[in-house]
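Novice: If you want the building blocks of each chain, they are given just below.
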Amino acid sequence: MTVPSDQELIDFVLREARLIDQQRSDEWLDLFSEDGIYWMPLEWGQTDQRLTASLMHEDKMLLRVRVERLKGQRTFSQKPKSRCHHLLQTPQIESRDDDAGVYVTWTPMHYVETRLDEQTLYAAWATHTLVLVDGVLRIRLKRVDIVNCDAAFGSIQLFM
Amino acid sequence: MNIQELVRPREVHRDLYVSEEVFRLEMEQLFANTWVYVGHESQVPEPGDYFSTEIGTQPVLMVRHTDRTIHVLHNRCPHKGVRITTETCGNTGRFFRCPYHAWSFKTDGSLLAIPLKKGYENTGLEQSHAASGLRPVGAMRDYRGFVFARLNPQGVDFDNFFGESLSTIDNMVDRSPEGRLQVAGGVLRYMHNCNWKMLVENQTDTCHPMVAHESSAGVAVDLWKKAPPGTPKPMAVELFAPFMSPYEFYEEMGIRVWRNGHGHTGVSNSIHADYSAIPGYFEQMVAAYGEARAKAILSEVRHNTIYFPNLMVKGPIQLLRLFKPISAGRTLVESWTFRLVGAPDRLLERTLMYNRLINAPTSVVGHDDLEVYERAQQGLVSNANPWVNLQRLYEADESGDDTRVLNGTTELQMRNQFRAWAKFMQPVVSAP
Chain A
1 MTVPSDQELI DFVLREARLI DQQRSDEWLD LFSEDGIYWM PLEWGQTDQR
51 LTASLMHEDK MLLRVRVERL KGQRTFSQKP KSRCHHLLQT PQIESRDDDA
101 GVYVTWTPMH YVETRLDEQT LYAAWATHTL VLVDGVLRIR LKRVDIVNCD
151 AAFGSIQLFM
Chain B
161 MNIQELVRPR EVHRDLYVSE EVFRLEMEQL FANTWVYVGH ESQVPEPGDY
211 FSTEIGTQPV LMVRHTDRTI HVLHNRCPHK GVRITTETCG NTGRFFRCPY
261 HAWSFKTDGS LLAIPLKKGY ENTGLEQSHA ASGLRPVGAM RDYRGFVFAR
311 LNPQGVDFDN FFGESLSTID NMVDRSPEGR LQVAGGVLRY MHNCNWKMLV
361 ENQTDTCHPM VAHESSAGVA VDLWKKAPPG TPKPMAVELF APFMSPYEFY
411 EEMGIRVWRN GHGHTGVSNS IHADYSAIPG YFEQMVAAYG EARAKAILSE
461 VRHNTIYFPN LMVKGPIQLL RLFKPISAGR TLVESWTFRL VGAPDRLLER
511 TLMYNRLINA PTSVVGHDDL EVYERAQQGL VSNANPWVNL QRLYEADESG
561 DDTRVLNGTT ELQMRNQFRA WAKFMQPVVS AP
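First to last, the sequence lines map onto chains A and B. For the record, in the first sequence the residue sitting at position 34 is 34 according to the working numbering, with numbers rising by one throughout. For the record, in the second sequence the residue sitting at position 186 is 346 according to the working numbering, with numbers rising by one throughout.
No wet-lab data here; the hints were simulated from the structure. Everything numeric in this text was worked out from a predicted model, so none of it was measured. One or more hints might be untrue.
[What the hints assert, rightly or not] Taking beta-carbon pairs under 8 Å as the criterion, some of the chain A residues facing chain B (in silico):
#  : residue
1  : Leu-42
2  : Arg-50
3  : Leu-51
4  : Glu-68
5  : Gly-72
6  : His-110
7  : Glu-113
8  : Asn-148
9  : Ala-152
10 : Gly-154
11 : Ser-155
12 : Gln-157
For each residue, glycine too, the CB sits at the ideal point set by N, CA and C.
So that you can see chain A by itself, here it is in the shape it has in the complex (with noise of 0.2 Å):
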C-alpha cells in the first residue's frame, strides 16, 4: 500500500472491532506498530497520558500480558469468558497526512460486555492514529474516550 484510500482506513478501523468481537487476539495484537499504544482515559477530554490517571495506557507489551492472560488456565476471572459486541458507526478521517503517512479516524461507537448473566453497555468514541509501517497500516494509538470515563465501573476485562 502506497497511499491508503479513505475507504481502506474505514475497512481498517471496522476490521479491527471485528477481530476483537471474534476473540482472534493474536491477529488483533499485530494490528498495532512496536510503538503502539492502546488509551483509555480517566478524565474527560484528557490530555497528559503520564502524570494523569488513565483507565488503560498500555503499550504492546503490556497488551500482550492481557492476551496472554486470556488464553491462561488460572485466569479466575474469565471462567467463563468474557464476550464483547461492538456497534460502530462509519469511521470518519479526521485527518490524513500522505507525506508523514499518518492517519487520524474518529468513531463514535456501542460496546456491550458481557459475562455469566450480566451485560454492560458503553457508549465511546474510538480515535484511531494509524501509520504505514513497510506499506502495511498499523495503529500507533487507539484512544478510547468512554462517555462517562468518570464513572466507577464494575470489571472491563476485554478491548473497546
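With the hints as your guide, set chain B onto chain A.
Specialist: This is chain B only, laid out in the frame that chain A set:
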C-alpha cells in the same frame, strides 16, 4: 442477634458479610465510633474549596473556611434535607447557598441568612435544628494533611485510636523532600459486589498473590523472560513481578499489628522494596534531611497499612485505597494517588502506573481479586458452614498491640480487625 457472638477468636460468622441488619448496625455504630478517613488537605487548598464524600454511608463535606481552618460537615441542608454540594469538589466562595430555598451558610457551617426571614418571627426558629446550620461531625483531626473524622461527639480520641500506626503516614509524608504531599493524577473508582470487609482483609492476605495473580503477574514475568538480552526492564514488569514471589518471601517480610484494628504487612521486606532508583530523588532527600535520615526514611518498605476500619495506605508507592461501604454486598473502592511535593515527576508516573495496573476497573490484577470476592459473597449464603476461618498462625494469648515482627503469612491482622470490629460495634465506645 447478639453481635458479640458473631466474632470468635479464630473465626467470624458469615452474617458479618451478608446480613443487611449487621451492615445497618455497622453504619450506625462502627462507622460512628471510629476515626474514618475523609480526604487530604491538598484537595481543599484555598478558602471556599470543598470536597464531598461519605463516612460509612453518611454524606459529608470537607471545606476550608475563610480563616483557612478545615471543617467536616454533614452534607445536608438543615432546612429540608437537600444535599448542599452538587459537584464532588469545587469552590463555593464565602458561603454555601442551598439551591432549593437559598438558605445560606458560612464555610464553617453556621447559618448566614434566610430569605424572607420575617416569616419565622415568633416561631421559635432559634431553638430549631434548622437554625443551627450545617452540623459538624462529632470530631475531626488533620494529621499531617490527612483529615479524619469521628461522627460521634464522644469516643476514643484520635491519638489513642491510631497510636503508633500513624508512623506509616509519617513515612509517606517524609518521603517528600519538602515534607508535603499533594493528591494528584485522579481517583480510580471500582465498584465491587461484595462486602467491604473482604477488601480490608485482602490487604494483609499474603497467601493469595501467587495464586490469584498468577494469570497477570505470572504472565508478565514469563513474557519478560523471553525479551532479548540487554532489554531494559520495563517499569510495568518491575511493578508486576514481586506479586509472584514465593510463600517464603511473604513469610519473611513480616507483619506488625496495633490495637484498634490497625496493622501492616512488609516490615523487613515487601513487594515495594526493590524498585529502581529515580534519578535525582535520593540527592534531593539527602539535601533535605541529611544522608542518615534520608536513608532511614527510604528504607521503610511497608507494604499495606490498614487504618481500621476502611483505609489502606501504601507509603513506598504513595497511594491509598478507601473501601466505601454501600450495602452488605456492595462496596466502592477508591484508589487515590499522591505527588511527593518537590520530588521528580517520574515518581508520580510510577505511582499512577501501579494504581492503573493493580487497582483500576480495567486492571488484570483487580479482575481476579474481584472474582474471588464475588464468589465468596455468593458462597457465604451456603448453609454448609456459617463460619469464615481466620486461624492461620493463631496464638492463644493474642491481644491488641503486637509489634513483634511476625511471620508475614499470619492472619493475625485479620483477627485484630475483627477484635476491633466487636469493640466498636457498641452504641458509644470511649475506652482507648
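Novice: The structure should be examined with respect to each hint, and the outcome stated for every one.
Specialist: Hints and how they fare:
1. Leu-42: Cβ of Leu-42/A sits 5 Å from chain B, so the hint holds.
2. Arg-50: Interface hint status for Arg-50/A: holds (5 Å vs cutoff 8 Å).
3. Leu-51: OK, holds: Leu-51/A within 8 Å of chain B, min 6 Å.
4. Glu-68: Hint holds; Glu-68/A Cβ to chain B Cβ min 5 Å, cut 8 Å.
5. Gly-72: Holds, about 5 Å.
6. His-110: The hint is violated - His-110/A has no Cβ within 8 Å of chain B, the shortest such distance being about 18 Å.
7. Glu-113: 11 Å, violated
8. Asn-148: 11 Å, violated
9. Ala-152: Given a least distance of 4 Å, the restraint on Ala-152/A holds.
10. Gly-154: Constraint on Gly-154/A satisfied, holds at 5 Å.
11. Ser-155: At about 5 Å, which falls below the 8 Å cut-off, the nearest Cβ of chain B leaves the hint on Ser-155/A intact, so it holds.
12. Gln-157: Check passed: Cβ of Gln-157/A comes within 6 Å of chain B, closer than 8 Å.
The structure shown violates the earlier hints numbered 6, 7 and 8.
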